[in-house]
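Novice: Just need the whole structure built from these sequences, with the hints factored in.
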Amino acid sequence: MTQVNRLPGGLVDRSEEVKFQFNDKWMRGYPGDTLASALMANGQLLVGRSFKYHRPRGVFTAGSEEPNALVQLRRRAEQEPNTRATMIELFEGLYATSQNHRGSLEFDLLAINDFFAPFLSAGFYYKTFMWPKAFWEKLYEPIIRSAAGLGRLSMKEDPDSYDKGFLHCDLLVIGAGPAGLAAALTAGRSGARVILADEDFRPGGRLNAETLELGGMAGHAWAEEAVKELAEMDNVRLMSRTTVYGAYDHGIYGVLERCTDHLRDSNGKPRQILWRIYSKRAVLAAGATERPIAFGNNDRPGILLAGAMRAYANRYAVAPGKQIAVFTNNDDGWRTAADLYAKGVEITTVVDSRDKPALLNIPGARHFGGQAVMDTVGRAGMKSIQLTNGQVIPCDGLAVSGGWNPNVHLTCHQRGRPEWREDLCAFVPGSDLPPGMVVAGAANGAMTLAAALSEGAVKASAQLEDLGIKPKGGEMPQAEDEPRDCAAFWHVKQSKNRAWVDLQNDVTVKDVKLANTEGFRSVELLKRYTTMGMATDQGKTSNIAGLAILAEEAGKTIPEVGTTIFRPPYTPVPLGALAGRARGKDFRPYRLTPSHKWTEENGASFVTVGNWLRAEWYTQPGEKGWRDSVDREVLQTRKSVGICDVTTLGKIDIQGKDAGAFLDMVYANTFSTLKVGRVRYGLMLREDGICYDDGTTARMGEDHYVMTTTTANAVLVFRRMEFVRQCLCPDMDVHLISTTDGWAQFAVAGPKSRDLLRKVIDRDHDISNDAFPFMACGHVTVCGGTPARLFRISFSGELAFEIAVPARYGNSMMAVLNEAGKEFDAVPYGTEALGVMRIEKGHCTGNELNGQTTAHNIGLGKMVSQKKACIGNVLSQRPEMIREDAVRLVGFRPVDRSRKLIAGSHFITKGDTASMANDQGWMTSVAYSPNLGYSIGLGFLKEGQNRMGEIVRAVSPIHNTEMEVEVVSPHFIDPEGERLRG
Amino acid sequence: MRYSGFRVLKEGLTGNKGWTKAWREPEPRPDYDIVIIGGGGHGLSTAFYLAKEFGITNVAVLEKGWLGSGNIGRNTTIIRSNYMLPGNEPFYEFSMKLWENLEQETNYNSMVSQRSILNLYHTDGQRDAYVRRANAMLLAGADAELADAKQLRQELPFLDYDNARFPIKGGLYQRRGGTARHDAVAWGYARGADSRGVDIIQNCEVTGFQIENGTCTGVETSRGAIRAKKVAMCVAGSSGRVAAMAGMRLPIESHVLQAFVSEGLKPVLPGVITFGAGHFYVSQSDKGGLVFGGDIDGYNSYAQRGNLPVVEDVCEGGMAIMPMIGRARLLRSWGGVMDMSMDGSPFIDKTHIDGLYFNGGWCYGGFKATPASGFCYAHLLAKDEPHPTATQMRLDRFMTGNMIDEKGSGNQPNLH
Amino acid sequence: MAEFTLTAAPPLAGHDETFGDTRLHAPQDFAIVSVALPLGGETAAKKAIKTAYGVELPAPGKSVVAKGKERILRLAPDLAFVFFTHAGADAETIVADKLKDKAYLTDQTDVWTALELSGPMARAALERICPLDLYTDAFALNDGARTVMEHLGTIILRTDDDTYLLLSASSSADSFLHAIETSIKNVI
Amino acid sequence: MIIDHPLLGPRDAAEFVYLGDASLIDRPDWQAPDAMEKFHAYGYLRDNPAGEHQELWYHEQGDRSWLVVTRDTVTHTITKVELARDVARGKTKARGRGK
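Protein chains in written order, with numbering that gives the first Met the number 0: chain A, 0 to 981; chain B, 0 to 415; chain C, 0 to 187; chain D, 0 to 98.
These aren't lab readings, by the way, just hints derived from the structure by calculation. Where hints are given, some of them may not hold.
Claimed, not checked - With a straight-line Cα cutoff of 27 Å, these simulated DSSO-like cross-link-like pairs (lysine-lysine) come out: (1) A:Lys279 with D:Lys37; (2) B:Lys63 with B:Lys228; (3) B:Lys149 with A:Lys137; (4) C:Lys46 with C:Lys61; (5) A:Lys355 with A:Lys495; (6) A:Lys509 with B:Lys149; (7) C:Lys49 with C:Lys61; (8) A:Lys866 with D:Lys79; (9) C:Lys46 with A:Lys268.
Specialist: Set out below in structure tokens:
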């Protein structure tokens, strides 16, 4: 194809050509083109299909408000649906396809919807498709879903990377049009820290699209100079291809920078960066968006907004056709006629809804004052327009201007309400702006170039003064106050054919009227019923017209009907960018235990526990499944000795004269009476009396305790203890610091554990049962002087110790313990074996202490002291929480010992039907006990303490199974605890 | 006017000129048997069931804004009954059964789509908890199904099974779960109630209660005083504010929950999917948008908007389980005010003031409860005794210690 | 002589890499001891610090370098960290000898992993992960703060114009290193 | 949001963890005759105002201080930030004087 629609001049670089493909057709454009301008240059006016009726559509705007020209950019895993052709910078080899059609773009089978349009009026689907009932999911909905939607995801992992960042500034200037540049220049020259962000790849805004002059310079040339000056200032950061998409609390803005989208390849760099900009003040200079007028068949390819057509002509040097008509209700539309004429394009007609003399003299153009375009002809491209006076005028392009709407979007992000300005026929920012923000230029209703420039400088100066910065250099060049008269004119009543209000979602004037007839009279109800403004453009070009028509129908004024406010984001933001680096393995950090390396080298499988990776079991040669490994680890530990890295348990260093009293407050049981050199099991409640955490706390010195928490709750317990310390006991001398990562801690469990440790602990420490009995603790040294802490505690129920060394020695310590243990056939064991042994002993973990469990439920009700102030003791005594028939933790074993218990089974009394009403409790944890040779379980059973020996049914309808189980003590092994005291 | 495919055809052929108002716009009358405060989903469904099931039609629904402007107008449209506790599960299953006949009952297509809901699990502990929950669901007459990673890989090949930080081990399905077109639910109930004689009064804000000798006899509104034999609060996020007018402090905090929708896409997701190791759940609307959300922002708020950290957290969760959505774009986000209760479960109860009733505390899960909430509230209002599925949803349960705490997070609303 | 010997292997020990003029390395033998000021004993503790190190305890968010090259960072009203170079596992004893019993001490050496990032791209790299304003006027020489980067709790200190000391939990050292390396790679 | 920490200056709220109404500082006396009712009110009932709200935030990714933040729940505007420990001490002192 050749560039049949290319005009002379423009801001494209004609020194080289760029080749690209659209729907597999090769075309050419120039650097500086967008895909939209390049397609137009090549005469490709048909670009896409509409959402509902699959109407042929072409480029309608020249910016991010584009409703029609959405394409799929790139291919394979890089395919990016719904991309606005107006925002795609042309690059060599660009590949794009049209979307939302079945069959080719030119012959879309779903265009049949257009013929059925009478049956597809607003909300039709709420009134039908209800019979027969089952057909909704099976028939109607799949048809609707496959026809709806727009572009397609590749369904492959996004191959690009994304990054995020944080920026700080005194003044954020949003938009680099005339007002934004004036604001940034003023602030930059005054020495403030400035960020200037603009969504375009060429700063300048409308200056690049117009022929207006500043101080005798072409607008775009002045913008270039301004940008050059700003770029040289250290205190100014210029960010083009950067959209400020959201205004959040306290001056934080959400910002998307597109780094490599304009390149063929991202070369391993992040494709986009999501910036959080912390601004002390902001100037919103986002300009204005033109809006169309609704008339019959106003959606054809070749019909563009007038300002957009002017931008294409002036900036990109293209026009959609050779004979252009202009339809306007304002002065600005005339400039399109004048600028295109100046570029050598024939202007056939200027239709002005205002009955006024011609504003400008456009040679060859006929002027129709007080008339309107009523209809158009030409399915795939414009052929002619018909005026309200009946006249038919041939043309192959139509520029429409219904006036301009200030881009107030960001002013609404904190629920600010725009206000109606009658003289502009538009909403302007209200008084309830996000704190710190001011609005300047067209975004604020300052519609002329001179006004925008001066307002940009003045508003920036005021913001600087507010910050205590003396503004200087705010003088801006002379510019024009061009005529901007506008008369409200929303839709052409004489039109008989459908007139589109929302192009993308196919909402017509009739739909708006129908919604009003049916009582959907709030603008919010209108939106929801008709889907107006809900498409990817969020109604940037359609909302106001819809509102105006609703107002007219309801006999109200526009301000009476109100407006909908805008919510973030200003333009859509890729989910990949919002996620940044946090995906795949980098979703969250990994925490590794100190012995991770040794563990990895010795056959461990790993399990994720919170952010930790822990050894689950160690596979030995010849072991066929995980059970082989776990059974071996359990048996060997109980027979001789096993070693497990338990570093993940939270460790909190508690020091201070009031440390004991503080722990009395935190724990349900008492710690102030604990002797130095001793450890105690502690139960922690929430204030609502429910068990929160448990663990052991050791008294290492008079004023020094060391607490352990569960792995899962380490951070939460610390937080809560700080709350108690600072808010409830502010006068206690107590200090907390986490040492979880500082100590590598190992459980050494089993009858040979003392023998093993004797080989490692330096000889001057006596760890005999007398000197170091059950629940003793103390400082020792290991391997010739390395400091360590030793605790005589047991989770397995065996004679056991936990030994902690500084984490740097953890990996070495694991190796040493295993080496020293060789003569005892010591085994390293993982979390599974740990779990089996704790179930054999009836100890609780997260499955039991799940935040719903009382101390009473686990048989520890008496541990909750009622003799002191402590968290949770009062509310733990509420009547429903201490009922005799509440569920109790008990043990279970299958009557048929060969059966495997199922965690999550519910208990039903024998003879009762299995139903929720007869539910007696549930199984929390199960394991195969290699010591007992059968499956065992822990669970909560109603009044379980009184039901020992009873046979109940453990039902698991989800597995379609049930079995009889016997209620037993939860202490399956060594119930008297003789081993751990040995 | 009765809606049907035939009517759509007929109107289509005659220029769509015969459609009439979906509901009346009546002026408030001076007194009613029952005044319902709040024209959101729950208020409208209460009115509908009062009329349909209990024959009480001298009812007004007072709505401060436009009907359906509360959380029914902005939510992520999920319906499900996959609860665990006896205080909840029968209620939500009752709701599910009402959903299944909703369209025929209201003569309005609210697009109840039982496309399934899947909760992924990533650890053995989570699996055990899901087995317990699945069994509770089955024991309560709901449906449930467990799927292992192998099955999921076949059904949902686009999830990240091989490179995940928290590997997907399986999931709990409720095939009867799914989504519904949220606005249409409100409109269907509104039409159904209106056609049975209920007055739905929009733009009518309650400004106070008339309380005489411990008995509530009516309300003050922006459109005058209205007397009523019974007054029923049903105002979700505004519960605290409205109850304060009656001098009540509630076990509720108002928090902001953000929700999100992407640009329209051709069909990608079969049903609802929730991530078990992060804050993310998602479904796809009939129009093609991915509708998703995650955690509440976490601080008390009536601002109806949230902040960036949660937006990012949610999208991180999304990319973590389905990295193929990276090039889909977030189109719109919004924030709703959630009546977060102290145990994450709701209240349908009388208050200590005679004639004044309370329905609230739905947290971020009120949408799925819309039918049963209305039905059970209507039951309570009509008979002065709780519906059998809602007996635990009492305001005094924190005094007795009979909490309904599904998550086990305790008395901290932002953790539920 | 003990039968077994332990070898110290702190995570990231010896890490040293350069990206153009920007360097990322783990300082050697980096010891950390926390110093908590007893309630009611603040004055005595501050005096002990002054005596031991010759410097005043700085305000929260600030650090000072003592005469013995130790750096003292005040993290909270009643908490400071002392950083110094020391190889053994007895860092706490060394501080205890200086401060006697005037403060509560906890060895934090192995709780943290330290990386020093220096060079012209250091700030640009940190911009990608650090929420704090690191411009000189907002984060001056010797300023220090605890914050969060890529989901990791981090202490950041400015030790020179273009040099930052970063501390994060030792268990997640690999993820921490990955986060910083990625930031550098993304900006160079 | 940004919380202006009284000691550390403005910090992103993402560094903080929210707890709830600052009345959680006013923990009732466990020995009071109506302790159960008081703890019920303390633990469960909230003013939940639409407007100025005093609330507790914890600077977890910072100096670990608990703060009492006065924030408007409708606009999110923060007007005051105090160390919770100071607030709590002030209350203890006030109670002491009352005796």
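Novice: Taking each numbered hint in turn, which are not upheld by the structure, reported in ascending numerical order?
Specialist: 1, 6, 8 and 9
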